[in-house]
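2 protein chains.
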Amino acid sequence: MAASAGPEIERLIGLLAKLPGLGPRSARRAALALLKRRDQLLAPLSDALAEAAARVKTCSTCGSLDTQDPCAICSDGTRDASLICVVEEVGALWAMERAGAFRGRYHVLGGLLSALDGVGPDALRVGPLVARASEPGVREVILALPATVDGQTTAHYLAERLAGAEVTVSMLARGVPVGGELDWLDDGTIAQAMRARRPA
Amino acid sequence: MAASAGPEIERLIGLLAKLPGLGPRSARRAALALLKRRDQLLAPLSDALAEAAARVKTCSTCGSLDTQDPCAICSDGTRDASLICVVEEVGALWAMERAGAFRGRYHVLGGLLSALDGVGPDALRVGPLVARASEPGVREVILALPATVDGQTTAHYLAERLAGAEVTVSMLARGVPVGGELDWLDDGTIAQAMRARRPA
Ligand SMILES: [Zn+2]
Ligand SMILES: [Zn+2]
Numbered sequence: 001m002a003a004s005a006g007p008e009i010e011r012l013i014g015l016l017a018k019l020p021g022l023g024p025r026s027a028r029r030a031a032l033a034l035l036k037r038r039d040q041l042l043a044p045l046s047d048a049l050a051e052a053a054a055r056v057k058t059c060s061t062c063g064s065l066d067t068q069d070p071c072a073i074c075s076d077g078t079r080d081a082s083l084i085c086v087v088e089e090v091g092a093l094w095a096m097e098r099a100g101a102f103r104g105r106y107h108v109l110g111g112l113l114s115a116l117d118g119v120g121p122d123a124l125r126v127g128p129l130v131a132r133a134s135e136p137g138v139r140e141v142i143l144a145l146p147a148t149v150d151g152q153t154t155a156h157y158l159a160e161r162l163a164g165a166e167v168t169v170s171m172l173a174r175g176v177p178v179g180g181e182l183d184w185l186d187d188g189t190i191a192q193a194m195r196a197r198r199p200a
Numbered sequence: 001m002a003a004s005a006g007p008e009i010e011r012l013i014g015l016l017a018k019l020p021g022l023g024p025r026s027a028r029r030a031a032l033a034l035l036k037r038r039d040q041l042l043a044p045l046s047d048a049l050a051e052a053a054a055r056v057k058t059c060s061t062c063g064s065l066d067t068q069d070p071c072a073i074c075s076d077g078t079r080d081a082s083l084i085c086v087v088e089e090v091g092a093l094w095a096m097e098r099a100g101a102f103r104g105r106y107h108v109l110g111g112l113l114s115a116l117d118g119v120g121p122d123a124l125r126v127g128p129l130v131a132r133a134s135e136p137g138v139r140e141v142i143l144a145l146p147a148t149v150d151g152q153t154t155a156h157y158l159a160e161r162l163a164g165a166e167v168t169v170s171m172l173a174r175g176v177p178v179g180g181e182l183d184w185l186d187d188g189t190i191a192q193a194m195r196a197r198r199p200a
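Chains as they are written, first to last, in the UniProt record's numbering: chain A, 1 to 200; chain B, 1 to 200.
For reference, chain A alone in the conformation it holds in the complex (with noise of 0.2 Å):
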């Protein structure tokens, strides 16, 4: 691309392309929108992504983002401990969430064992899962993975790797459509395959 738009503009051109649902074309167009809507974008974006660096992390518990370490989920005396929901990511969890549909914890696992990508058990967070899964009061491990053929390995390496911890292992009910990656679902499905789940 020539640098038509000056040094920084590019530089804040070029960072927005990176953005998933940016391409360069369309990273144009919001850093314009950016520059056109200073105080009502701008500036309140530049805040918010400086707070977000300064505050958000990771939950030592479940791998969750958040600004409180256990985060909101994991300190919420409400949910039932008993059950441990574990996601592929954190946009799944997300997604989780919003399907209202569950009112346990979660664990995110930080990807899916993959032969082709060379992820391997250790590149996940399998041991503190098990760890989990073993303290006293955890009753069920359900399995909220995608049902690709990576998610459907991954469960069932999960599966053999829970079998030593006394908990029933669930996966999601086939209402999840095959290669659907839950963060794309519609609420209304991913509550009625948390509601039929079914044994792993």
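Simulated from the structure, these hints should not be mistaken for lab results.
Owing to the predicted nature of the structure, the values given are computational and were not obtained by experimental measurement.
Mixed in with the good hints, there may be bad ones.
Unchecked claim - Here are a few chain B residues that face chain A, going by a calculated C-beta distance under 7 Å:
{"id": "1", "residue": "A33"}
{"id": "2", "residue": "A52"}
{"id": "3", "residue": "T61"}
Said to hold, decoys possible - Pair ranges (Cβ atoms, derived):
{"id": "4", "chain 1": "A", "residue 1": "R198", "chain 2": "B", "residue 2": "R25", "range": "33 to 41 Å"}
{"id": "5", "chain 1": "A", "residue 1": "R103", "chain 2": "B", "residue 2": "D122", "range": "52 to 60 Å"}
{"id": "6", "chain 1": "B", "residue 1": "G77", "chain 2": "A", "residue 2": "S114", "range": "52 to 60 Å"}
{"id": "7", "chain 1": "B", "residue 1": "S82", "chain 2": "A", "residue 2": "A54", "range": "35 to 43 Å"}
{"id": "8", "chain 1": "A", "residue 1": "G164", "chain 2": "B", "residue 2": "A54", "range": "54 to 62 Å"}
{"id": "9", "chain 1": "A", "residue 1": "R198", "chain 2": "B", "residue 2": "G23", "range": "29 to 37 Å"}
{"id": "10", "chain 1": "A", "residue 1": "R103", "chain 2": "B", "residue 2": "Q40", "range": "33 to 41 Å"}
{"id": "11", "chain 1": "B", "residue 1": "V119", "chain 2": "A", "residue 2": "A196", "range": "53 to 61 Å"}
{"id": "12", "chain 1": "B", "residue 1": "R25", "chain 2": "A", "residue 2": "P70", "range": "25 to 33 Å"}
{"id": "13", "chain 1": "A", "residue 1": "R139", "chain 2": "B", "residue 2": "K18", "range": "20 to 28 Å"}
{"id": "14", "chain 1": "A", "residue 1": "L116", "chain 2": "B", "residue 2": "D187", "range": "44 to 52 Å"}
For glycine and all other residues, C-beta sits at the position ideal for the given N, C-alpha and C.
Guided by the hints, dock chain B with the ligands onto chain A, whose structure is given.
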């Protein structure tokens, strides 16, 4: 949207969702990408936005955006001061610069006349354009406006207003597809339309 990700992250998602090209879902993905790539993406974008908010201003001559006023283009002595290219918005100016087919100066109107949206001449930078066009040494004003109803209405209005100034008034050739916004065009189309421009 349920406040599933904590107020700070929800605020960030809400602001990202206001960017053109990002809906609520892609804004969540973007927020997650930012939070996962703190050092490579979140911190640099936060800095770039803060710098843009502090340093980028509107050029008092042409209406473009830059960290200096007059902007780099208006200050560039190697550019042809006898040509003024009128564009709707800064995004169109950037598109012209990327096409590399124009080495004169610009004038950013700040919009188009629109009966429907109630945009009259006073809402646009028409007076300053007429003043600039009347300065000695200005030879041609090129109306690089979109080939839409509002774009063409605006072009004809400007041609009338510029009749008193001793300048040639031209328009981009019909290489610009009907309904086409300049900043979505490929560079070759823009360059061709510039070369084949015709009297307004
Ligand atoms: Zn937590
Ligand atoms: Zn300028």
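With 53 to 61 Å as the target window, see if V119 of chain B and A196 of chain A comply at their CB atoms. At 54 Å between Cβs, range holds.
Against the range 44 to 52 Å, how does the distance between the Cβ atoms of L116 of chain A and D187 of chain B compare: consistent or not? violated, 37 Å
Cβ distance range 54 to 62 Å for G164 of chain A and A54 of chain B, holds or violated: Roughly 57 Å apart at Cβ, these two residues keep to the hinted range, so it holds.
Between R198 of chain A and R25 of chain B, is the Cβ distance one that fits in 33 to 41 Å? violated, 28 Å
Under 7 Å is the threshold here; is the Cβ of A33 of chain B close enough to any Cβ of chain A for the hint to stand? holds, 5 Å
Against chain A, run the beta carbon of A52 of chain B and see if the smallest gap drops under 7 Å. holds, 5 Å
Taking 33 to 41 Å as the stated bounds, is the beta-carbon spacing between R103 of chain A and Q40 of chain B within them? holds, 35 Å
Taking the beta carbons of R25 of chain B and P70 of chain A, is their distance inside 25 to 33 Å? Hint holds: Cβ distance 27 Å, inside 25 to 33 Å.
Honestly, do R198 of chain A and G23 of chain B meet the 29 to 37 Å range at C-beta? Given range 29 to 37 Å: holds, Cβ gap about 33 Å.
Honestly, do G77 of chain B and S114 of chain A meet the 52 to 60 Å range at C-beta? Since G77 of chain B and S114 of chain A have Cβ atoms about 57 Å apart, the given range 52 to 60 Å holds.
At a threshold of 7 Å, is the proposed contact between T61 of chain B and chain A supported by beta-carbon distances? violated, 15 Å
Take the C-beta atom of S82 of chain B and the C-beta atom of A54 of chain A, compute their distance, and say whether it sits inside 35 to 43 Å. violated, 51 Å
When each numbered hint is compared with the structure, violations occur for hints 3, 4, 7, 13, 14.
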